[in-house]
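If you read the protein sequences in the order shown, they are chains A and B. Here the numbering used here runs 1333 ahead of the position in the first sequence, where the first position is 1. Here the numbering used here runs 1 ahead of the position in the second sequence, where the first position is 1.
The hints are all genuine.
Facing chain B, according to a computed beta carbon distance under 10 Å, are these residues of chain A, among others: (1) Glu1537; (2) Phe1556; (3) Arg1558.
Derived DEER-like restraints, expressed as beta-carbon distance ranges: (4) Ala46(B) <-> Phe1782(A): 21 to 29 Å; (5) Ala1401(A) <-> Lys10(B): 37 to 45 Å; (6) Leu1411(A) <-> Glu14(B): 31 to 39 Å; (7) Glu21(B) <-> Lys1700(A): 23 to 31 Å; (8) Pro1379(A) <-> Ile43(B): 51 to 59 Å; (9) Ala46(B) <-> Met1801(A): 13 to 21 Å; (10) Phe36(B) <-> Phe1484(A): 47 to 55 Å; (11) Lys1692(A) <-> Ile28(B): 12 to 20 Å.
Calculated cross-link-like contacts (lysine-lysine; reagent style DSSO-like; alpha-carbon spacing at most 27 Å): (12) Lys1692(A) <-> Lys10(B); (13) Lys10(B) <-> Lys1552(A); (14) Lys10(B) <-> Lys1490(A); (15) Lys1772(A) <-> Lys1552(A); (16) Lys10(B) <-> Lys1772(A); (17) Lys1696(A) <-> Lys1708(A); (18) Lys1656(A) <-> Lys1456(A).
These aren't lab readings, by the way, just hints derived from the structure by calculation. Note that CB positions come from ideal geometry on N, CA and C, so glycine has one too.
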Amino acid sequence: MQKISFNEDRSAVWLAFLFIALALCLPLGVGNLLGWVIGVKVWTDPLNALAPLSKSFSHIPGWISLIATLAFIALLLLWERRRFAENKKAFLSALLIVLTLTMIGWVLGHAGIVAAVPNEREKLGLKWSMGLTGEAGYLAALFIGLIIGNFFTSFAKFLSQAARTEWFIKTAIVLVGAGVGLKGLEQANLAGTVFFRGLAAIVEAYLIYWALVYLMARKVFGFSREWAAPLASGISICGVSAAIATGAAIRARPVVPIMVSSLVVVFSVVELLVLPFLAHAIIPEEPMVAAAWMGLAVKTDGAAIASGAITEALYMAQGGFQKGWMLMTTTTVKIFIDLFIGVWCFILACVWVYGIDRKPGEKVSLKEVWDRFPKFVIGYFIAFALFITLGLCFPDKIKELKESSTNLDAFRKFFFALAFFSIGLSADFKRLWQEGLGKLILVYVVCLFGFVIWIGLGISWLFFHGIMPPTGVTP
Amino acid sequence: MNNPQETEKLVDELHNQPYEPMVAAEIWLVSISLFTGISILIILAFVLKN
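If we strip away everything but chain A, and leave its shape as in the complex, we get (with noise of 0.2 Å):
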């Protein structure tokens, strides 16, 4: 009898649509679920750190929260691998230590020192701090399973058997379309030039970034399809998400899109410091092409959302505007930008299994591309169409829907962790990061100075060019 081997990409859909299907017990009126799952904030002490996502759990203390997240996700895991772990005892056992080091991992990268963006470091009470956003717990993650991976290797061998990377990864990937759906939702009822300005984003980070960066790595610096396709993605859309998605689209070795995806998070910080002030220096008088310039020129959401306050609050100590406009304009624009995540994932997937994977002849059946095509991709799809078809039948639940997404992107930042964490096991990213990573940042470098920026303040100004916020005290 053929043995049944475990499929990752499916299990993935079914796992994230279990966490969807609890998540959306709230709009529908049977309970909060998923709220007791655990919340981790930028934290100066470390006792403030952890607290349960949902004000409504906030009587449970954040310890308990925690273990509840890590034994809640370790009981799913198990589940779906019931049929398939050799040991189950040595699995759990390992499952748990493989969240427990990945949840260290994330804590530590939130710590204020580290993840602190300028803006927040007064009301933290600091004088300095990286400014990584919370995103630097990937990184946290990452550097604690390449000391386990490099150093302890009899102990690495043992987790490895619950560290699997593409599982974590597609999982995540699914419960992203959940969260884009509801924000696009939000945002489709501003302002006609901002909506506009939206529309002209999308098209200029997927179709003429996208296209610029994918070509550079290819012909000039001579890149594989593997790499220079996360890369394209990590550079023109919106940095992990876009990288990791992309990289599982077209099938390839899950480092090649978690390097690409600590490059992004190390080098936003350089855009975060730098442009705001740039803009400010160079535009002193067009605030909102220069909020939408931050949006559609700095990669990961959080740094994005930071500097679109910055950049706010430099315009706003020269012009007395009202406060949220420039920052609401930031968002927008980075968040039409994420929309299309899945779209385009599922156009390069379509690419890549009819015209890239195909040997010359062969002839593909309907039933091979189903076969090949991923299927988190498709789960994305539900996921997003999903929220999106519920906000729009019950706009008086928007509210619910929206906590139910947060719930889900606790659950989504994790799984991204748990990623990175698993491949810093696997690899010695230390090696490559010191041999390898020359010519992947000189690609960055390059894209990004080279016409990324500029095309974003080019088109900014020709869409948001004399348009001001308005004036006076906030209302």
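Put chain B on the given structure of chain A with help from the hints.
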């Protein structure tokens, strides 16, 4: 677990990527993207300015 052979292969790849010519599907993807992107932007800008 850390796999030195795999790491070696990756480092080598990053230094010296294997030559992989662009196939028709890639050229089409890049060309259609750029053409469509620039056309849509021109139309959007035209609509907005009028």
